[in-house]
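Build the full structure now, drawing on both the sequences and the hints.
Protein chains: 2
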Amino acid sequence: VCRGPATIKIDRHNAAFCEPHYIEHIHRQIERVIDKYRMFGPDERVLLGVSGGKDSMGAWHALTELGYQVQAVHFNNGFGAFSEESEAVVRNFAEERGSSLRVYRFSDLMGFEFQEAVSRTTTPPCAVCGSFKRYHFNMLAGKLECRVVATGHNLDDETAFLMGNVLHWSTGYLRKTGPVLEPEPGMARKVKPLVRITDQEMLHYVRSCGVAVAESECPHAKKVTSHLYKRALDMLDQEMPGVKTEFYFGCLERMLPVAGPEWEKNRELGYCPVCGYRTMRSDMCSMCLLKSRVRGG
Amino acid sequence: VCRGPATIKIDRHNAAFCEPHYIEHIHRQIERVIDKYRMFGPDERVLLGVSGGKDSMGAWHALTELGYQVQAVHFNNGFGAFSEESEAVVRNFAEERGSSLRVYRFSDLMGFEFQEAVSRTTTPPCAVCGSFKRYHFNMLAGKLECRVVATGHNLDDETAFLMGNVLHWSTGYLRKTGPVLEPEPGMARKVKPLVRITDQEMLHYVRSCGVAVAESECPHAKKVTSHLYKRALDMLDQEMPGVKTEFYFGCLERMLPVAGPEWEKNRELGYCPVCGYRTMRSDMCSMCLLKSRVRGG
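Top line first, the protein sequences correspond to chains A and B.
In terms of the working numbering, the numbers along the first sequence are unbroken and rise by one, the last being 297.
In terms of the working numbering, the numbers along the second sequence are unbroken and rise by one, the last being 1297.
Think of the hints as simulated: they come from the structure by calculation, not from any bench.
There's no promise every hint is true.
Claimed, not checked - Covered stretches of chain B (chain A as the covering partner; in silico rule of three or more C-beta atoms under 8 Å from a C-beta of chain A): (1) 1164-1172; (2) 1237-1251.
As the list claims (entries may be wrong) - With the C-beta cut set under 7 Å, the calculated list includes, among others, these residues of chain B facing chain A: (3) V1224; (4) L1228; (5) R1254; (6) M1255; (7) A1259.
Stated by the list, open to error - Derived Cβ-Cβ restraints for the label pairs, each shown as a range: (8) R281/A x V1258/B: 19 to 25 Å; (9) L1203/B x C126/A: 36 to 42 Å; (10) V1274/B x L269/A: 55 to 61 Å.
Glycine residues also receive a C-beta, built at the ideal position from the N, C-alpha and C atoms.
As structure tokens, this is what we get:
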């Protein structure tokens, strides 16, 4: 782009960038997505989930630099050294920049430890963590006066999820593909501003900006099948640069608009009798059910 | 299965077979598909396209052993040593078994060489070969009194094609996924009896049965992107045995039944004014167009 030394080459854009132009390029990609999908404006408070990893830390830095009002939220699941390092990373970032951050411990919100939840149910740990976060993002959005919840899901996360749903033809999940999940009553609007950026590109971005990230991996991450889908997609994208982007945005532009109405199961949405949370079950929501199981057991 | 020495292990069936039981297993898989999708009966004449490769030679052998009436058709595109070896393989098989075979040269049917067709148009060689075969299968089906055209497409071919159509969300092609293509006026019914069997399994089958196959590869095969999709799917299936089968049959059972009506483009089907072939163009069919280009150029 300029005459400065190129530090990263992006095949699918057929471009090489020096460091300052690379940062500018990533900011432009994020702005483009925020604008195109009308995610949020500069006057809106955005709840951003921050884990301490490269994606959410990069999103926090970028959104702050771009002038958005970020309310960061971090959950500490009590996974030992991993969780302690992650919390330290987000606390340091908030302190250095004077950014708004709330930290919540799993045990404080739920009344018992994560490990207990996993040992008392047959739900896999990643599913427990997922519903725990979704539930509390929705609850906290109202409490912290944010109409929108942003997460650090990037192109690789999204295409891996899409690949899994396509391989198993989970039409209900396929229907939810996209950078924006519109709100339902009692649920916040969910947005993914990093949806045009890959794992590698985010890693390079946080390094270029000097943003510290947690280096250790979640102890449960090894079991995740999304790693396998990412490997397959990386192989395909290496031989056909841009195929990930086409797969994801092609789904939004060419598949979803012509998907039949039966793709979405006729779900009987109700409200949890204990906490009032929106639920697909006929009885309690998944968090209240988990609480009753752990306490009852 | 029995106490004989196991010669092949199939992870997705969680089974190991000795040679005679393996052959029986493949025959059962083929019969199952023929019955389930009502492909053809023992009293019907089936036109089978035979290239000389493991899939079509294996299909020819299996269908003959199973008592079906096969009329084999081989096209010789004039690709030098590859085409000569392929023709010799199919001629030997027919002679040894006393099976019905017709061989047609591209140049005899078209009036010019394949290479000329490729150099006079921008169509890639695999697309020229594909429409040439489709056209003549349809024409020959009527002439040779066969209501159905069978091909040796196996599970790997089909899932690779599906993967390409999913990555690019080619909804028109996605709609055509399946082991049976129902006939339209002027078009024969197309069936794929090997749709439950992989490349590896077919290779082991022809070796077990002592069926000779052409060893050389089509000179154009290197450029085919389906190899890349097969590699990605092999990687996925190795880690998640059965995922290929689920991807393919899940598409038939869960996706296609709920695909919206817009998936199929409102194609204006007509008839070619030169040869009367069914065509999507408003004017000549692709073969007559190719002929007129080569002759006119």
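### Message
Take the shortest C-beta to C-beta distance between L1228/B and chain A; is it under 7 Å?
### Response
holds (5 Å)
### Message
Does the closest beta carbon of chain A sit nearer than 7 Å to the beta carbon of R1254/B?
### Response
Cβ of R1254/B sits 4 Å from chain A, so the hint holds.
### Message
Verify the CB-CB distance for L1203/B and C126/A against the hinted window 36 to 42 Å.
### Response
holds (38 Å)
### Query
With a cut-off of 7 Å, does the beta carbon of V1224/B approach a beta carbon of chain A closely enough for the hint to hold?
violated (12 Å)
### Task
Go ahead and decide if the range 55 to 61 Å is satisfied by the Cβ distance of V1274/B to L269/A.
Holds - the Cβ-Cβ distance for V1274/B and L269/A, about 59 Å, lies within 55 to 61 Å.
### Task
Grab the minimum C-beta distance from A1259/B to chain A and call the hint holds if it beats 7 Å, violated otherwise.
Since chain A brings a Cβ to about 6 Å from A1259/B, closer than 7 Å, the hint holds.
### Task
With a C-beta cutoff of 8 Å, work out whether three or more residues of the region 1164-1172 of chain B approach chain A closely enough for the coverage to hold.
With 5 residues close enough to chain A, the hint holds.
### Query
For the region 1237-1251 of chain B, does the count of residues with a C-beta closer than 8 Å to a C-beta of chain A reach 3?
holds (count 7)
### Query
Is the interface hint for M1255/B satisfied, with its Cβ closer than 7 Å to some Cβ of chain A?
The hint holds - M1255/B has a Cβ within 7 Å of chain A, the shortest such distance being about 5 Å.
### Query
Would you say the C-beta atoms of R281/A and V1258/B sit inside 19 to 25 Å of each other?
holds (24 Å)
Of the numbered hints listed earlier, the single one contradicted by the structure is hint 3.
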